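**Q** Please model the complete structure; the sequences and the hints are all you need to start from.
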Amino acid sequence: AQSVTQPDARVTVSEGASLQLRCKYSYFGTPYLFWYVQYPRQGLQLLLKYYPGDPVVQGVNGFEAEFSKSNSSFHLRKASVHWSDWAVYFCAVSMGTGGYKVVFGSGTRLLVSP
Amino acid sequence: EAAVTQSPRSKVAVTGGKVTLSCHQTNNHDYMYWYRQDTGHGLRLIHYSYVADSTEKGDIPDGYKASRPSQENFSLILELASLSQTAVYFCASSEGESSDYTFGSGTRLLVI
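Protein chains in written order, with the working numbering: chain A, 45 to 158; chain B, 752 to 863.
Hints are computed from structural coordinates only; laboratory data are not their basis.
None of the hints are false.
Here are the simulated lysine to any residue pairs, SDA-like style, with alpha carbons at most 25 angstroms apart: (1) A/K68 - B/H792; (2) A/K93 - A/V55; (3) A/K145 - A/Y95; (4) A/K68 - B/R795; (5) A/K145 - B/E846; (6) A/K145 - B/N779; (7) A/K145 - B/T790.
Predicted, not measured: the structure shown is a model, and the values here were computed from it.
**A** The structure is reproduced here in structure tokens:
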């Protein structure tokens, strides 16, 4: 069964600094991968998604992620963090065709310091 | 604008009582889902549906029932609410089984 691991429960970054949030997945096949963001007291919103193709995908608000089959990873990056990026970020994996489930990681809380 | 709307936004329920959480989507999506979110556990799938009048069990269905009377509406029912069901509940919809999800704003349920 597929699974997703976000090894960092909490990450603190200074405003203007670069960011990387880690995501490792476990799945024998070609995964579909997603990053979602949850702002305080809101539902999850899609940041970006990877369907098989270009390994680097661009998302909203300057976020991007890179798929690595060899490392089973899908890390999220941003060149310069803004205070409004303070949120919880979830990585998710889908089995692609033939499966009903999207499995979510436990989330990484991003704190932005001034 | 396409959306997923949940009601109520929050609810306090008494142990042993019946609770119904409602979800309405205007996305014209076939798939709908109910998740619960607990601190430190991310999202866990309770029930889902891919067609009206049919529901499927997710990973943690015990203590919950679901109802999909139409493509647009999907309800989660707690027949006998328990303290352990205190959580935030999210409804979501998707076009296909591997498509990205559109989430509602969540329902905060407190069982006392």
